[in-house]
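S.K.: Sequence:
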Amino acid sequence: MANSVSIPADEQTMAQLWARFRADDEKAFDQLVEARYRVLFNYATRFTKDRDLIKDCIQDLFLELWNRRKAIVDTPYVTIYLIKALRNNLLRKLRRERDWALAVKEDPENDIYHIDELTAEVTWIAGETQLSTEQNLREAVSHLPKRQQEVVFLKFYEGLSNDDIAQVMDVEKQTVANFLYRAMTQLRNSLPIRLFS
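Numbered as in UniProt numbering, the sequence shown ends at 197 without a single skipped number.
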């Protein structure tokens, strides 16, 4: 599968920084953090509104990477590696918090997996359309199943290929295609104005 993944131009630079970071280059590590922090933060907002938790997870991720730099594998897909690692860490923390919250208070309304409104993909998909159309699209995307929302975010906001998304989500490429197909079909059927050709 890795042979068919297209590597973005800056990903080659990221791979060089990654190799230098693994060889104890602190400056390269700082450049990695700076280059991918915003991407990771934006991705994490798909899972939780808790900005402090997101910042903590990203900080923990980079701290863990620095501490384990000698054991970390070399990869030409640094962004995918980082997104996947953050996703795993974030979901683990969210599960722990959910379990703790449920143990303290039985509250069915306490949904820590709430997905923020998907504004980035709305902007990408809707383009120059009027605000009312954007609102309709945002509402429609928010009604998609969570896995479909995640695929839409990765595809249209992050610009990842289906192969890249499959690696991030630990699913087959065909599963990604199925999620996208179902999401687009549901969006086409639920929107009052036809945005898709």
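To be clear, the hints were calculated from the coordinates, so they are not data collected in a lab.
Owing to the predicted nature of the structure, the values given are computational and were not obtained by experimental measurement.
All C-beta atoms in this analysis are idealised placements derived from N, C-alpha and C, irrespective of residue type, glycine included.
Hints may be right or wrong, so weigh each one.
Computed beta-carbon distance windows for the label pairs [to be verified]:
(1) 10 with 139: 32 to 38 Å
(2) 174 with 34: 32 to 38 Å
(3) 185 with 26: 45 to 51 Å
(4) 70 with 35: 31 to 37 Å
(5) 70 with 146: 20 to 26 Å
(6) 13 with 71: 37 to 43 Å
(7) 190 with 70: 27 to 33 Å
(8) 37 with 91: 27 to 33 Å
Each computed BS3-like pair below joins lysine-lysine, with the alpha-carbon atoms no more than 27 Å apart [what the hints assert, rightly or not]:
(9) 173 with 146
(10) 55 with 70
(11) 27 with 173
(12) 55 with 93
(13) 70 with 27
(14) 146 with 55
(15) 70 with 49
(16) 93 with 49
(17) 49 with 27
(18) 70 with 146
(19) 93 with 146
(20) 70 with 93
(21) 27 with 55
(22) 84 with 173
(23) 84 with 49
(24) 84 with 146
S.K.: It remains to establish, for every hint, whether it holds in the given structure.
M.R.: A quick look at each hint next to the structure:
Taking 32 to 38 Å as the suggested C-beta distance range, the pair residue 10 and residue 139 conforms, at roughly 34 Å. In this structure the supplied range 32 to 38 Å holds for residue 174 paired with residue 34, their Cβ-Cβ distance being about 36 Å. The hinted range of 45 to 51 Å is satisfied by residue 185 and residue 26, whose Cβ atoms lie roughly 48 Å apart. A beta carbon spacing of about 22 Å between residue 70 and residue 35 contradicts the range 31 to 37 Å that was offered as a hint.
At about 36 Å, the CB distance of residue 70 to residue 146 disagrees with the hint of 20 to 26 Å. For the hinted restraint 37 to 43 Å between residue 13 and residue 71, the CB-CB distance of approximately 23 Å leaves it violated. Judged by the Cβ atoms, the range 27 to 33 Å given for residue 190 and residue 70 is violated: they are separated by roughly 50 Å. Between residue 37 and residue 91 the Cβ separation comes to about 19 Å, which falls outside the hinted range of 27 to 33 Å.
This hinted pair checks out: residue 173 and residue 146 have alpha carbons roughly 18 Å apart, not beyond 27 Å. Distance hint between residue 55 and residue 70 is fulfilled; the C-alpha atoms sit about 24 Å from each other, no more than 27 Å. The straight-line distance between the Cα atoms of residue 27 and residue 173 is roughly 36 Å, outside the 27 Å bound, and the hint therefore fails. With a C-alpha separation of about 12 Å, the suggested pair residue 55 and residue 93 falls inside the 27 Å cut-off, and the hint holds.
Between the alpha carbons of residue 70 and residue 27 the distance comes to roughly 16 Å, so the proposed pair stays at or under 27 Å and holds. Of the supplied pair hints, the one linking residue 146 and residue 55 holds, its CA atoms being roughly 22 Å apart against a limit of 27 Å. Our distance criterion of 27 Å between C-alpha atoms is broken by residue 70 and residue 49, whose separation comes to about 34 Å. At roughly 14 Å between alpha-carbon atoms, residue 93 and residue 49 fall within 27 Å of each other, so this suggested pair holds.
A distance of roughly 31 Å separates the Cα atoms of residue 49 and residue 27; the hinted pair therefore is violated under the 27 Å criterion. Distance check on the hinted pair: residue 70 and residue 146 sit about 36 Å apart at the alpha-carbon level, beyond 27 Å; violated. Annotation: proposed proximity of residue 93 to residue 146 holds, straight-line Cα distance about 18 Å (limit 27 Å). Between residue 70 and residue 93 the CA atoms are separated by roughly 25 Å; this keeps the pair inside 27 Å, and the hint holds.
With a C-alpha separation of about 21 Å, the suggested pair residue 27 and residue 55 falls inside the 27 Å cut-off, and the hint holds. A distance of roughly 15 Å separates the Cα atoms of residue 84 and residue 173; the hinted pair therefore holds under the 27 Å criterion. The suggested pairing of residue 84 with residue 49 holds, with an alpha-carbon distance near 19 Å, which does not exceed 27 Å. At most 27 Å may separate the alpha-carbon atoms for a hinted pair to count; residue 84 and residue 146 meet this at roughly 17 Å.
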